[in-house]
Amino acid sequence: MGNRLVRASRSLLEAALAVAATIAVLAALSHVFVPKNNQAEFGQRDERVYGVLGQPEGSVEVLFLGDSEAYTSFSPLQLWDERGITSYVLGTSGQKLCYTRSLLGRALERQRPRVVVLETNCLFRSFSVGEALVRLAQDALPVLEYHDRWKSLRPEDVLGTVRATWTDEARGFVGKEGAVPADASSHMAPSDEVAGLPWLSRVYLDDIARTCERAGARLVLVSTPSTRNWSTARHSRMERVASELGVDYVDLNVGKDRVEIDWSRDTYDGGDHLNVDGARKVTSAVGALLARV
Amino acid sequence: MTSYFSPSFLAVFLPVAVLAYQAVPRRARWAVLLAASYAFFWALSGWLVVFVVASTAIVWGVGRALGAESSRRALALAEPGADRRAVRQRWQGRMRLTLAAGVVANLAILWALKYAGPLASFAASLGVSVGEPPSVGLPIGISFYTLQAVSYLVDVYRGAVVADANPARLALFLAFFPQIMEGPICRYAQTAQALWEGSPVTARGLFSGSARMLWGLAKRMVVADRLNSFVRPVFDDPAAYDGCVIAVAAVLYTLQLYCDFSGTMDLAVGMGRIFGVGLPENFRQPFFSRTAAEFWQRWHVTLGAWLKDYVFYPVSLSAPVRRLTGAARRALGGRVGPAVASGVALLAVWLANGLWHGAGTQYLLFGLYYFAVIWLGALVAPASEALCARLGVSRDGALWRGLQHARTLVVVLVGELIFRSASAAQGVELLGRAALGFRAASLADGTVLAVGMDAADFAAVAVFAALLLVVGALRERGARPLDAVWRRGPVARGALCCALLVGVVVFGAYGAGYVPVDPMYASF
Chain A
1 MGNRLVRASR
11 SLLEAALAVA
21 ATIAVLAALS
31 HVFVPKNNQA
41 EFGQRDERVY
51 GVLGQPEGSV
61 EVLFLGDSEA
71 YTSFSPLQLW
81 DERGITSYVL
91 GTSGQKLCYT
101 RSLLGRALER
111 QRPRVVVLET
121 NCLFRSFSVG
131 EALVRLAQDA
141 LPVLEYHDRW
151 KSLRPEDVLG
161 TVRATWTDEA
171 RGFVGKEGAV
181 PADASSHMAP
191 SDEVAGLPWL
201 SRVYLDDIAR
211 TCERAGARLV
221 LVSTPSTRNW
231 STARHSRMER
241 VASELGVDYV
251 DLNVGKDRVE
261 IDWSRDTYDG
271 GDHLNVDGAR
281 KVTSAVGALL
291 ARV
Chain B
1 MTSYFSPSFL
11 AVFLPVAVLA
21 YQAVPRRARW
31 AVLLAASYAF
41 FWALSGWLVV
51 FVVASTAIVW
61 GVGRALGAES
71 SRRALALAEP
81 GADRRAVRQR
91 WQGRMRLTLA
101 AGVVANLAIL
111 WALKYAGPLA
121 SFAASLGVSV
131 GEPPSVGLPI
141 GISFYTLQAV
151 SYLVDVYRGA
161 VVADANPARL
171 ALFLAFFPQI
181 MEGPICRYAQ
191 TAQALWEGSP
201 VTARGLFSGS
211 ARMLWGLAKR
221 MVVADRLNSF
231 VRPVFDDPAA
241 YDGCVIAVAA
251 VLYTLQLYCD
261 FSGTMDLAVG
271 MGRIFGVGLP
281 ENFRQPFFSR
291 TAAEFWQRWH
301 VTLGAWLKDY
311 VFYPVSLSAP
321 VRRLTGAARR
331 ALGGRVGPAV
341 ASGVALLAVW
351 LANGLWHGAG
361 TQYLLFGLYY
371 FAVIWLGALV
381 APASEALCAR
391 LGVSRDGALW
401 RGLQHARTLV
411 VVLVGELIFR
421 SASAAQGVEL
431 LGRAALGFRA
441 ASLADGTVLA
451 VGMDAADFAA
461 VAVFAALLLV
471 VGALRERGAR
481 PLDAVWRRGP
491 VARGALCCAL
501 LVGVVVFGAY
511 GAGYVPVDPM
521 YASF
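Each protein sequence line maps, in turn, to chains A and B.
When we follow our numbering, the leftmost residue of the first sequence carries the number 1, and every step to the right adds one.
When we follow our numbering, the leftmost residue of the second sequence carries the number 1, and every step to the right adds one.
I should point out that these hints are in silico values taken from the structure, not numbers from a laboratory.
Only a predicted model underlies this, so the values are computations on that prediction, with no experimental measurement involved.
Ideal Cβ placement from N, Cα and C applies to all residues, glycine included.
Label pairs and their in silico Cβ distance ranges: (1) G278/B / I23/A: 30 to 38 Å; (2) G246/A / P481/B: 57 to 65 Å; (3) R110/A / V251/B: 49 to 57 Å; (4) L136/A / A456/B: 22 to 30 Å; (5) V410/B / S9/A: 49 to 57 Å; (6) D206/A / S199/B: 37 to 45 Å; (7) S9/A / L443/B: 53 to 61 Å; (8) L5/A / A484/B: 22 to 30 Å; (9) G246/A / P167/B: 48 to 56 Å; (10) E429/B / G94/A: 36 to 44 Å; (11) L5/A / S523/B: 43 to 51 Å; (12) S384/B / R7/A: 53 to 61 Å.
Can you build the whole structure from these sequences, using the hints too?
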């Protein structure tokens, strides 16, 4: 019995040491593989949002989080022009909340925003435990995300330090030109339905709320106008969630905060996203809200 | 969780299953494995788990009935003065009916779920309306566990195994999660008892299993998933590419399929080792084969063995074929005659092989192609040997062996080109274009590099393929690399696992820029 215990302990120790050595090697490789500057030519993914790292430390007052609804609706340059508020949009296409949380963490390393605006469409996008685990692992060991850079490594990748000297001129906003009218006849029609929220989204939303609280930032949930993505059922869900979290919720589709969107002119893809005209209206409305908080 | 390669499977499901297995008393470990197996099945196929439960219930019931009939036959035979021949005939007839009921029930489920839809579509394309069968989806691994179910019933009928009274043991044999997706196709005598015994997880099993899994991950993620970037666009739109690109795609697809399937088998065998269960090997260095027949003794070994035991032998030993063999022997001689007659059983085997993969005409052509190659090979073998002897050519010489390897490789590449095609007609067309439209200049003018893989990708594949070749050559000589590393001690063991994992992380084709690929044989 004693011998078996000793053998088992030794085996466990061997396995633990092998795992630790592997993690140490991957951590060392992460230093080599991580892009040495926050630009695509250095291998940086999602260059536009990582441009926030190139902003002067502590200079961003408002962070916008979310998916394409966020980066087509909120214009930081207009916000600065109209309200004198500095902001940055961390939106990417089809963003899942585990990535939203990751980007928020990266931005908070250098910024102390007073408000974090989370566009709510991405909350309803499902993702798996596996995807969440992969994101966590990629944040801890960037070689997992940037492993394919073995094809383009340069000597400075081995010894160089990580810098962020670039930022996006539009601060993460992507203005879309053109107009494709939307059928808004049934948009936000009355309904008793309450949309379901993926359980993992709720876990991550709670974590985002706690992170904002720790960082001294006020979390505001905002639903931007979209006939394709937003509905009364989702509105009802978000009202409940915001109430449970004790955070502000602003729905620009309906009610007192509704923005007058001309669905024949203000969307570039039939109601899915806003064009620059729609974004101008939304940014003005959000600017007024931000001025109050 | 979608497969063994999902992060949630590797990082959560499997470790939890192993820890739970080891934590519970030995007598309860089968329950952990069964629960994990059904949970895995549920995660991949949802409510379709009812089909594996139904198959298990059928197999258990029919197995018990066969066992009971066998016992009653033994009692009848033991009665004083019994007409043994009459008793045997009577009970054989009954047992055959029982066996047929079980086999037909299982094959009917497979037919309804896998073949009815495609055949209805095929009939509709010919203008024959047979109605649209309800589409409920395909339970994961149905082609694999159905063959295991049939083999169990036939083995009980033959008296090779005793009918299992324990439905849980049978359920675990059919649904054991490391093998449910792509096999290997196990026999009841090989794994059922080992699964039930609940052997403890040992340091050696953990190392050997983990290293084998990492090797499989490397095959799959470094080679197979990378090659998908080239193979998929070419076969999705072959009209856009010239004969040279199609020929290269055939070569790369063959390597992709090997690395994908054998890599998944490495994971299955590795997981089996962790749980103390020796799953049968499905690959034995197939590209070292000298003939097509030998290739199929080394590639998807358990399917070949299943077809040999449950199709080839029954057909060969059936009365009509035995009469045909006798007639052929008298007419054509003792060597050529049986070879000619064996064509009947061989045709049955290769039709079954082709159609087991699916109802598409390309699979039918694939089966007929190998039937023709192997059967003609057997027919001309005596003449070939005589010719070599007359010309003084040594059949064991390096030149002859090299020619045989090259010929077999070409045969395999042609087979895989047909196999990967969307239909038999497209297979023939692509074959013609690869052979007649081959333009060597495409290899040098950048055409090949413009398809989906850059030079670095080709280099990564070439290096790993060379490594596969070296490991294969070592294994051909009887070496057991993992045993050798185990004996070298903990540093060597840790270093091997670390190197494999780091290699997979750095050189794996995953993440941004790569399309996730489902294990290829999981869809068969």
